[in-house]
Amino acid sequence: MIEPFIYDHWYICAWREELTTKPLQRWILDQPIALFRTESGDPAAIADRCPHRGAPLTSGTVRGEALECGYHGLTFDKSGKCVRVPGRDSVPPTFRTRAYPIVEKWRFAFIWMGDPDKADESKIPDYHWSDDENWSARGETLPVNCHASLLRDNLLDLSHAHYVHANTLATDAVVRVPIEVEERSDEVIVQRRMVDIHPSPFFSRVLGDFDGKVNHLQVVRFLPASNIIIEVSVSSVENPEHKAEIRVMNGLTPATGRSSHYFWSLARNMHLNNDSLGDWIFNANRNTFFEDIDIVEQQQVLLEKAPAPEHETLFHVDGGVNAGRKLHARLLAEENSSAD
Amino acid sequence: MIEPFIYDHWYICAWREELTTKPLQRWILDQPIALFRTESGDPAAIADRCPHRGAPLTSGTVRGEALECGYHGLTFDKSGKCVRVPGRDSVPPTFRTRAYPIVEKWRFAFIWMGDPDKADESKIPDYHWSDDENWSARGETLPVNCHASLLRDNLLDLSHAHYVHANTLATDAVVRVPIEVEERSDEVIVQRRMVDIHPSPFFSRVLGDFDGKVNHLQVVRFLPASNIIIEVSVSSVENPEHKAEIRVMNGLTPATGRSSHYFWSLARNMHLNNDSLGDWIFNANRNTFFEDIDIVEQQQVLLEKAPAPEHETLFHVDGGVNAGRKLHARLLAEENSSAD
Amino acid sequence: MIEPFIYDHWYICAWREELTTKPLQRWILDQPIALFRTESGDPAAIADRCPHRGAPLTSGTVRGEALECGYHGLTFDKSGKCVRVPGRDSVPPTFRTRAYPIVEKWRFAFIWMGDPDKADESKIPDYHWSDDENWSARGETLPVNCHASLLRDNLLDLSHAHYVHANTLATDAVVRVPIEVEERSDEVIVQRRMVDIHPSPFFSRVLGDFDGKVNHLQVVRFLPASNIIIEVSVSSVENPEHKAEIRVMNGLTPATGRSSHYFWSLARNMHLNNDSLGDWIFNANRNTFFEDIDIVEQQQVLLEKAPAPEHETLFHVDGGVNAGRKLHARLLAEENSSAD
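Protein sequences, first through last, are from chains R, F and Z.
For the first sequence, numbering that gives the first Met the number 0 assigns the number 0 to the initial residue and increments by one for each residue that follows.
For the second sequence, numbering that gives the first Met the number 0 assigns the number 0 to the initial residue and increments by one for each residue that follows.
For the third sequence, numbering that gives the first Met the number 0 assigns the number 0 to the initial residue and increments by one for each residue that follows.
Here chain R stands alone, though its shape is the one from the complex:
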């Protein structure tokens, strides 16, 4: 159950506005990372440990294009190279800390935790709607005390809504209508098409306190190792033009083996200037996530503290979970074999 990390992957490490000339320490895949922006504006991610005496570089200060350690002033540029040792005229040429590829795209900064030679930006998933004038998006980072895989399993599993989110997302149809799982080489797609149903409390509100019947399509896409995109489209049966679409980006970045940074952003393509609706959607969604977090953190406690004599038993409703685990395992095996 304790799934190893995939390293050759772009993980969301920060919101772009978090990268400033004030350095930020963030643990990712059990590694301390110094995130900062140089004075000319470049993003940087380097190992947050000075190779001199082991102090965190984030104790220090950005000077021009580099980060000066707060202990003895040794200074490292965004490539990880040491460019200054106070009291010395020169710097040993191989003296450096590790640098991680980092890319800013839309509202996020992505870090590549594996082999830098494989850090291909085209592998970053399409999150354009999180930063697009046709969409209104809002999100946040939630700290979660569990292994990131428990969050992924939660999101790949649309069936829990009836139980965990009884007051917000539940519809009877979630239980009645079976899911469809599509396994692609680099993606798992889970869908549920609910036709001619009563809208959930959430979508009733989004559609303007609508109480007619709707068609409701949920698509959950897992792009390993850490991305899950939820696309929901709900339209009136009588008037298909009366509809709402949302996109939720979920970036599940492991901090350690028992804690995660959960980046999420929800975008809608209607009522773009209705701030009170936006506030309501944001708060409804985060309350939904709080319900999920409550469950997955309890799972984590049981995993850590109690022996589990039984294996898990997966049912049809777990098709997405199962496919997601298989895809993670296959990519992990490929990464390990290519590293040999």
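Think of the hints as simulated: they come from the structure by calculation, not from any bench.
Any given hint might turn out to be false.
One copy or two, either will do: identical chains are not told apart, so a pair holds if it fits within one copy or between any two.
As the list claims (entries may be wrong) - Here are the simulated SDA-like cross-link-like pairs (lysine to any residue), alpha carbons at most 25 Å apart as the crow flies: (1) 304 - 141; (2) 77 - 287; (3) 304 - 144; (4) 21 - 305; (5) 304 - 2; (6) 304 - 254; (7) 304 - 142; (8) 304 - 114; (9) 304 - 258; (10) 77 - 305; (11) 304 - 113; (12) 325 - 86; (13) 77 - 300; (14) 21 - 139; (15) 117 - 212; (16) 21 - 82; (17) 304 - 53; (18) 304 - 28; (19) 304 - 256; (20) 304 - 24; (21) 304 - 335; (22) 325 - 53; (23) 304 - 1.
Start from chain R and add chains F and Z according to the hints.
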């Protein structure tokens, strides 16, 4: 010193009023237990881990005679059998979580942590005075951060009163008068008979600010694994009819190897309707327990953090402690050999 | 990097005024110590674990020349010998807890953690200025969550002042002027002589808001295992009589492998009666230490939580650190070989 648990035993797991249709998670012997009452009123204790995906069942809701998991709605009855998998018409017949025998008696619920075939209700000790019209009883549950054996040792050892409870239970006689230890096949009895002594501050008050001489009999009975009954009788030397009796039930239920649920209840058979005396006795007793808890929690810290080069050295005053440890060890050995 | 403790050494365990008839538990070198003063005034340090049942002796009370356990009243004198077992007429002659040599000198109590036969008081370093009418001294104990070696490294390394203490002790000269390291058989001396420089903010104030040029001599002496003495002399270039001297005693006593008691005391030999200057110096110095503590505690977190693939790389500025580590390692090897 770290004594293994005995499993074939009725441990107090709750006060009866704690069992409701709102499920309660309680750790017992390092296992998470879901305690609840069905809608028809039956008590239930099942392993608090859904065999589907490992969520705690106590995240959910009692539905009729069963508990529905808060994650995906799988539903388990009090026998541990799964009676519903949402989205499926049938349930795999062997799909279940572990059930534990549970019995309500007097004011308590007892759980059997070992082999269910051995769960004989007649092994529950007689606590009738905790729920009897001739007695007035009151108690509570105290969380204690130590191995339950340290609490047992504390209670089997009447000699600490002079030091730990100097302001409440101490009498000089506690140190002067030797204890008598009787070792039975399934019980240890420790007695101290103090004749013609000044009463302790506690019993002086219970007897009505009495300042004459008293005869004071203490009997401590250890019924392994977790029950200790203290019976105290104090009577005026001049007028033996002027006397007070109390019974204290101590249920020492291990939560983990380093924490315990300490259930206690004190009953008196005089001044039954004197609530202010009842309040005073309850508070005096719990303050006494707080003094004990302070010591045993400090013992636990030393046990965990510091190497103990010396073995313990036991003296005559430890006769009860020693007999209690021996009895626990013998029953543990019998349990283990019968399990082979 | 995780340096073993040296045991044959006088560690500061308390300020003298902390030793009273109310016993004090303090962890030193991973051992729980009961520190107290007998009624006749003698200091005492004995293992804080009753050999009877493992309770901490500090739960109890000083009675005359001995400490009575708070659990069962067993009583131990300052030599560790048990002098009373309640309920017994005699005490087994070999029944004892460990005693540690303890010496009061100047304002401190020193404990010897190793072989008592080697506890030679003449090995206590000269701290007379912490308690001398020609000096005004003030200090405190700071709890620090790191291995004591990180504090030693910090103090043997004068070069960090420019970065860690930019607002108090920094002068450009700290970086420009190289240090001189002298390695003696039982001491490391690190000096920096800064001639004709602008005073640091701290010394400008101490010299009376002086803004002329000064000669500034820093001497840091490491006397293993735990003593670091900082001697600073700053005098006006124009008028060498206008000068200030300070002595800082740093006692770095390991509590555990990841926490320390940092005893410090700063003495000055001028303006002895100027309390407001004294307050300012005390607060300026402790604020400086808080800056150091912030760094070393972050180092400790990295040491514990993150793998350190790279070795440390030491530079010329680390001459003192390197010499200190070598001296500690040599004395440790000598202690271990003599123990064979």
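Status of each hint after checking the structure:
1. 304 - 141: Both. Shortest intra-copy (24 Å) and inter-copy (22 Å) distances satisfy the 25 Å Cα cut-off.
2. 77 - 287: So residue 77 and residue 287 fail the 25 Å test inside a copy (38 Å) and across (30 Å) alike.
3. 304 - 144: both (14 Å within a copy, 16 Å between copies)
4. 21 - 305: between (42 Å within a copy, 22 Å between copies)
5. 304 - 2: both (17 Å within a copy, 19 Å between copies)
6. 304 - 254: both (20 Å within a copy, 12 Å between copies)
7. 304 - 142: both (21 Å within a copy, 18 Å between copies)
8. 304 - 114: Between copies, since 22 Å is at most 25 Å while 35 Å is not.
9. 304 - 258: Intra 15 Å, inter 13 Å, cutoff 25 Å: intra and inter.
10. 77 - 305: Between copies, since 21 Å is at most 25 Å while 44 Å is not.
11. 304 - 113: between (31 Å within a copy, 20 Å between copies)
12. 325 - 86: between (54 Å within a copy, 23 Å between copies)
13. 77 - 300: between (38 Å within a copy, 24 Å between copies)
14. 21 - 139: Only inside one copy: residue 21 and residue 139 sit 20 Å apart there, 33 Å across copies, limit 25 Å.
15. 117 - 212: Cα proximity of residue 117 and residue 212: none, with 48 Å in one copy and 57 Å across.
16. 21 - 82: within (19 Å within a copy, 56 Å between copies)
17. 304 - 53: Classified as between; 12 Å across copies, 33 Å inside a copy.
18. 304 - 28: both (22 Å within a copy, 12 Å between copies)
19. 304 - 256: both (15 Å within a copy, 12 Å between copies)
20. 304 - 24: between (29 Å within a copy, 14 Å between copies)
21. 304 - 335: Intra 30 Å, inter 24 Å, cutoff 25 Å: inter-copy only.
22. 325 - 53: So residue 325 and residue 53 pass the 25 Å test across copies only (19 Å; inside, 39 Å).
23. 304 - 1: Cα proximity of residue 304 and residue 1: in one copy and across copies (14 Å, 18 Å).
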